[in-house]
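Engineer: Take a look at the letters that make up each chain.
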Amino acid sequence: MSSPTLTKDEDARPATPGPAEGPAPERPDTTPTALSRFLGNPKAVVLVCAVLVVVVSALVSGSGAWPGALTADVKSPLNDLDDWLVDNRDTHWLFLYFLLHFSNAAESSVDSITSLFDSMGWIGVTVIGTLIAWAGGGADLSRRALRTGATGLAVFLICGILGVWEPTMETLALMVVAVVCAAVLGFLLGLASGLSDRFERILRPVFDTMQVMPAFAFLLPLVLLFNIGTPSALIATVIYASPPIARLTALGLRSADPAALEASASLGASGWQQLVTAKLPLARKQMMLGLNQTIMMCLSMVVLASLIGGGGLGDEIYQALGALKIGEALVAGVAVVLLAVLLDRTTAAAGERLDDVVKAGLTKTMARLRRAVWGLIAVLIALFAAIGSAIGEGEWPDGWTVDFTNPIDTAVNWLTDHIGSGIPVLGGTITWAEGFTESVLNPLRSGLLATPWWALALLVAVIGWIVGTWRAALTGVICLALVGWMSLWDVAMDTLSQVLAGLVLTVILGVVVGILCARIDRVERIMRPVLDTMQTMPQFVYLIPVIALVGQNRTGGILAAVIYAAPAVIRITAQGLRQVDPAAMEAATSLGATGRQQLFGVQLPLARKSILVALNQGVVLVLSMVVIAGLIGGGALGYMVVQGLSKGNLSQGFPAGIAIVCLGIMLDRLSQPSKGRVRD
Amino acid sequence: MNPNRIRNTAFAGVGIVSVLALATGCGAADTKAGGDDKVVLAEPSWVGATANAAVVKKLLEDEMDVKVEAKQMDEPVAFDALNSGKADAILEDWHGVPKKQKKYVEDKKTVVSGGDLGVVGHIGWFVPKYWADKHPDVVKDYKKLNKYYKDFKTSESGDKGHFIGAAPSYSQHDKGLIKNLGMKFKHIPSGAEAAQLKELKRLYDAKKPFLTYWWEPQWMNEQIDMVEVKLPKYTKGCEVPESKAKCGYETNQLEKFMNKDFANSDSDAAKFIKNFKWSTKDQNKVAGMIAGKKMDPEDAAAAWIKDNKSTWEKWIPKKK
Amino acid sequence: MSEAPEATDAPKSAERAESTASAGTEPVFSVRNLWKVFGPKASKIPGDTSLTGLSATELRERTGCTAAVRDVSFDVEKREVFVVMGLSGSGKSTLVRCLTRLIEPTAGKVDFNGEDVVGMDKDALRDLRRHRASMVFQNFGLLPHRSVIDNVAYGLEIQGMGKAERRERAAEMVDKVGLQGLGERRPGQLSGGQQQRVGLARALAVDPQVLLFDEPFSALDPLIRRDMQEEVIRLHREEGRTMIFITHDLSEALRLGDRIALMRDGAIVQLGTPEEIVANPADDYVRDFVRDVPREQVISVRRAMRPLDASEAADATGGATLAPDTLVSEAIEAVARSGESCRVVENGRTIGIVDHASLLTVVAGINREGESDGGGDKAKEVAAV
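Protein sequence lines correspond, in order, to chains A, B and C. Counting in UniProt numbering, the final residue of the first sequence is number 680, and the numbers go up one at a time with none missing. Counting in UniProt numbering, the final residue of the second sequence is number 320, and the numbers go up one at a time with none missing. Counting in UniProt numbering, the final residue of the third sequence is number 385, and the numbers go up one at a time with none missing.
Next up, chain A with everything else stripped away, as it sits in the complex (with noise of 0.2 Å):
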């Protein structure tokens, strides 16, 4: 239902001003049946009055602004906050008694990480590395453990050979405390909200904002308490990452086998002999998957968090983007990659390895022998940081790396070159990113602008009030309104229009791939690989040579926004469409139904829900995305954020944050309809 809407809306609007030229979705049938089935439909006659009305007074009025009267300076108490912050961050009690120890902490810890991996060089990192996802895949000969294995050896080479050992070391240590850090607390957290309702109903609307929160918003309150650095990195890192696993223990805690708690309550377990003896280890697996979860976010922060003094790969990366070195950048980037599917491995394979000994227990020579390895490990630790300087340098050796830069930059640059203008006929990316621009955004954008506030804050409660309940409507009302109270109308609407049209493209391009490779398997095996490299690589990476293929502009940071929220969906809808069940699949064959026929009759329709997931997962990534491409001429909110960052301007920077944060959540409500039906 949500999927139509959403498009609907955005359709008809460009589709009065200006000529509508962007993809088109489809137009509702004016057949009799359609138009019947139609009016017998209310949620449809209100929905399309609600369009209509919009139109109307958008092309009555021609301005939409918010208001004056009903906003807020929000400014002058942020001014003032920020004005205390800065006078009082070296005095004030609540810093040198409380925050700083955070950051010292943080600071210290992330140090003498560092320099752990210093001491061990090179080669014991490496050594040490294999060890442990090797013992992580089960530390015995099968083919996991030594694929596990191999990949943590492949990893730590390549990064060396690279030349870009130092700053991996940087990101590893900071992720080791990181990930320690969040899945400490992420824990904690889901415990309290896995144990007790009353958590759990405070808790789980804060870890729905999270999701849903571009992590790019919440550098700068961070910035302003514990200023730029390692510490701010580090907890925003861990804020951003540990809901996954807060997330996941809460739900393995609470879906844990009813029969077996009940037996365990039934022979007069305390509440502690059950949470130690039943609860916790039937939860292992989903702690395991949030762990995972945690993991590979905290990585992506990680990198993001160079905005903000993280140092490491992310500040590599930044770094040679700042010298425009592309080829840099990438190396860099690529060694991201490789963490992530190091990581990512290790921890599947550790979460596979728990499920194999719950089914089939545990020999007692195996259990002897992992238990052996991790011991070796820990003795290697120590070795290698007594005398790990002597038998190699601290540092890769110079003379081991291969340098790909160059290479690198030269195709970047001919292919730049080639696509951006040079394409006899077809123009080239920037005549079509000037073209997408001129057709689809500026319109939008006016029509936004154009449309009353209360038109589109109807417009909003209808959706959300068709797609979900009374609260979804009121939820992405309240938000527009905070964003309108905040003077940021204007501002946001222009977020909100690059939102949209990007997310019209994702979920275009999206769907199309996904069922290509949902149904041709070789497209599949292709795009895997692809899709990985996709959603790990650092954004930052691709955003410069977005400018250099469709300029510094709107649509650079919606191409980007594309390229980043693309293997969600693509990912989510394939796997829908591939779970479609086969017993229908097979009524249509034996029906002698085509290819298309099967698709269209059978497969799309019964893959709905999982298309209408991966819309909600493209709302929350493109929003993410558009906001990231503030750094390079997407402006609007995403621009004031960069701004207050690096000038440390709070008054300027936690307003657009919160505007995003608001953006956030009121698409993600209207994009959600099963989850919030369920809720309520």
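Bear in mind the hints are in silico, worked out from the structure with no lab data behind them. Fair warning: there could be bad hints in the mix.
Simulated coverage check for chain A against chain C, where a stretch passes if three residues somewhere in it have a Cβ under 8 Å from a Cβ of chain C [unchecked claim]:
| # | segment |
| --- | --- |
| 1 | 256 to 266 |
| 2 | 272 to 280 |
Quick list of simulated restraints, FRET-style, between CB atoms [to be verified]:
| # | chain 1 | residue 1 | chain 2 | residue 2 | range |
| --- | --- | --- | --- | --- | --- |
| 3 | B | Lys143 | A | Lys43 | 56 to 62 Å |
| 4 | A | Arg578 | C | Ala219 | 51 to 57 Å |
| 5 | C | Gly114 | A | Leu474 | 57 to 63 Å |
| 6 | A | Leu380 | B | Glu61 | 28 to 34 Å |
| 7 | A | Leu188 | B | Pro241 | 46 to 52 Å |
| 8 | C | Arg79 | A | Val206 | 55 to 61 Å |
| 9 | B | Ala303 | A | Trp84 | 21 to 27 Å |
| 10 | A | Arg254 | C | Asp207 | 51 to 57 Å |
| 11 | B | Lys281 | A | Ala378 | 52 to 58 Å |
Only pairs whose alpha carbons sit at most 20 Å apart, straight line, appear in this in silico SDA-like list of lysine to any residue [as the list claims (entries may be wrong)]:
| # | chain 1 | residue 1 | chain 2 | residue 2 |
| --- | --- | --- | --- | --- |
| 12 | C | Lys163 | A | Thr363 |
| 13 | B | Lys160 | A | Val491 |
| 14 | A | Lys75 | B | Pro241 |
| 15 | B | Lys207 | B | Tyr148 |
| 16 | A | Lys75 | B | Ser243 |
| 17 | B | Lys99 | A | Thr363 |
| 18 | A | Lys364 | C | Glu184 |
| 19 | B | Lys294 | A | Leu338 |
| 20 | A | Lys647 | B | Gly176 |
| 21 | B | Lys108 | A | Ile202 |
| 22 | A | Lys364 | C | Arg185 |
Ideal Cβ positions, reconstructed from N, Cα and C, are used throughout, including at glycine.
Starting from the known structure of chain A, fit chains B and C onto it as the hints suggest.
Structural biologist: Chains B and C in isolation, oriented as in the chain A frame:
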């Protein structure tokens, strides 16, 4: 994972937490972090700053055996860091954060000037030479830009000309200036310096007209040829507040700033940094090697040091 | 019908109840007027006489509450196998959980060996669960991450027993339930029947006074179910432990139960020995329930015989004789063999005669007129007390 492993993991977790707790200790926290023997340089994100930091770092480490860490931070943050002692010196300040500068240097006196860098910084509005050659009238008078604003129209700027603004952390008052001078242009900011450079390069290669916020020293000036448009003359304070700005930019003696304690410590490193002074030409040479020839900053610094002994010898404080 | 249940308690055990009572032993569980109501303001319902009489649907419409257990009373005697039977939704599983307060009863009294379970504090209740009453569950409730031995030892671990000792005890139990050599397996590697043996061993390991079974075999294949029933019968024969057994399977109830409480909509419809229930259903619902039971295998000749008529002397001798507890199926054989009627003799006195006609009446399921209705009403009243 067997129960033992879980137990071990739990112990490890508790261990790490308690180590953290120990590390934080009790009572008031130390406001100054990092080792004392290390000199921390605040390095803003532009390449010229990288060149400064690379040369200073290389010389301090090789010639004077002082450990140096260069931390990436832009001016606004750098001043906070200088104030708190998290950074010891910034080598190139464009006076882009007058508010903070006043607060720390004049009011709190926690930050002191380290003298001029020697490099002269200049900001202005620039157009590419190929376009200026065809329209020489513009160069002498900014008002003439309005005559040609149509040349600068893009999909972003709508029916006005497109003015490529600076990255957010850079000193600028173009938005107010455009309005107050009645320019038919729309100020469209760059998200980052890199984005602006890439965009200029793209437009330059395509020989398109553009109007941009630009500055020197800037390494890319060796690759592209730009001509400045003359703006109303700068007088002190004419750009504050931005909404009333009606003038161009000051020609800046770029300045060094240091943490007061570091500056007063009388250490060789502090003296060296006070002595450090080089020309725009020198800096461009190093910056060009870093950005244009894509050399490692350390290698670029080493190359420059090799050829310019006479320049840097004067910076090293005399042994007592 | 003379032997219709008379008190809250039931009758084959009328004698036994008397005898135990006279011996001075209390019932193991004594349940009086137990209620469990789910829904808003549930606690108000049991005390409200205008509501207690309503049917389940009426009650739900009126108050939004569901009474899973309504006003149930019974005693469970020592060494008895007490079966609670009913279709799903009849409240039997809730009832058994109320006994150890896995579900808190809404109202009523539960005594365990004379101690008030409802009033127990946390520790006393935990002690009850740890040492005196353990339960076997329909879905086994095993911990998948533990080996069979560790699952069996789980109850002992909760009691705080040391590792070596509890594993030793558990190993014995594993052998006892016929899982020799499977101690190190994981539950996931066992068949359903084997898993339930683990569940049984886990309950036995703590050596409880009472075993509670909540439909333990209904998830199993028929053949395995039969094996497991034999296992329970064997255990009961060997140990004589008191058992409360919940089932929805009538044949299982008849096979295992010394007494059966038949539940419908949360209330006990009839409580009696298998024979009483089959021979003398309290109402149409029970009659329907027991319709397909091979009656000759449940009913004894005491119930099938006709009284002596005037021509027959109580002390007569000669001809074939049968004990009153002989099952009808066996009596048929005897009567067929002797070709005539048989005397039913108890304590040397003939108390009745069985012949073709009387036995056929049982097999055909024809009740003697007038009796069933009267008895049924009475039983209903009893159950409703």
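Engineer: Against each hint, give a clear statement of whether it holds in the structure.
Structural biologist: Each hint, compared with the structure:
With a threshold of 8 Å between beta carbons, the proposed coverage of the segment 256 to 266 of chain A by chain C holds, since 9 of its residues qualify and at least three are required. As drawn, the segment 272 to 280 of chain A meets chain C at 3 residues by the rule of a beta-carbon pair under 8 Å; at three or more, the given contact holds. With their beta carbons about 58 Å apart, Lys143 of chain B and Lys43 of chain A fall inside the hinted range of 56 to 62 Å. Between Arg578 of chain A and Ala219 of chain C the beta carbon distance is about 32 Å. The supplied range of 51 to 57 Å is therefore violated.
In this structure the supplied range 57 to 63 Å holds for Gly114 of chain C paired with Leu474 of chain A, their Cβ-Cβ distance being about 58 Å. For Leu380 of chain A and Glu61 of chain B, the Cβ-Cβ distance of about 32 Å falls inside the hinted range of 28 to 34 Å, so the restraint holds. With their beta carbons about 48 Å apart, Leu188 of chain A and Pro241 of chain B fall inside the hinted range of 46 to 52 Å. At roughly 57 Å, the beta carbons of Arg79 of chain C and Val206 of chain A sit within the given window of 55 to 61 Å.
In this structure the supplied range 21 to 27 Å is violated for Ala303 of chain B paired with Trp84 of chain A, their Cβ-Cβ distance being about 48 Å. Roughly 34 Å separates the CB atoms of Arg254 of chain A and Asp207 of chain C, a value that falls outside the hinted 51 to 57 Å. Against the hinted window of 52 to 58 Å, the Cβ-Cβ separation of Lys281 of chain B and Ala378 of chain A comes to about 56 Å, which satisfies the hint. For the hint pairing Lys163 of chain C with Thr363 of chain A, the CA-to-CA distance comes to about 18 Å; that is within 20 Å, so the pair holds.
This hinted pair checks out: Lys160 of chain B and Val491 of chain A have alpha carbons roughly 19 Å apart, not beyond 20 Å. Only pairs whose Cα atoms come within 20 Å are accepted, and Lys75 of chain A paired with Pro241 of chain B is accepted, the gap being roughly 16 Å. In summary, the hint linking Lys207 of chain B to Tyr148 of chain B is supported, as the alpha carbons are separated by about 16 Å, within the 20 Å threshold. Taking the CA atoms of Lys75 of chain A and Ser243 of chain B, the gap is near 16 Å; set against the 20 Å cutoff, the hint holds.
Between Lys99 of chain B and Thr363 of chain A the alpha-carbon distance is near 69 Å, which puts this suggested pair outside the 20 Å criterion. Restraint check for Lys364 of chain A and Glu184 of chain C: the C-alpha separation of about 10 Å stays at or below 20 Å, so the hint holds. This hinted pair does not check out: Lys294 of chain B and Leu338 of chain A have alpha carbons roughly 24 Å apart, beyond 20 Å. For a cut-off of 20 Å, the pair hint linking Lys647 of chain A to Gly176 of chain B stands: about 18 Å separates their Cα positions.
Using a Cα cut-off of 20 Å, the hinted pair Lys108 of chain B and Ile202 of chain A is violated, with the two alpha carbons roughly 43 Å apart. A distance of roughly 12 Å separates the Cα atoms of Lys364 of chain A and Arg185 of chain C; the hinted pair therefore holds under the 20 Å criterion.
Checked against the numbered hints above, the structure breaks hints 4, 9, 10, 17, 19, 21 and satisfies the rest.
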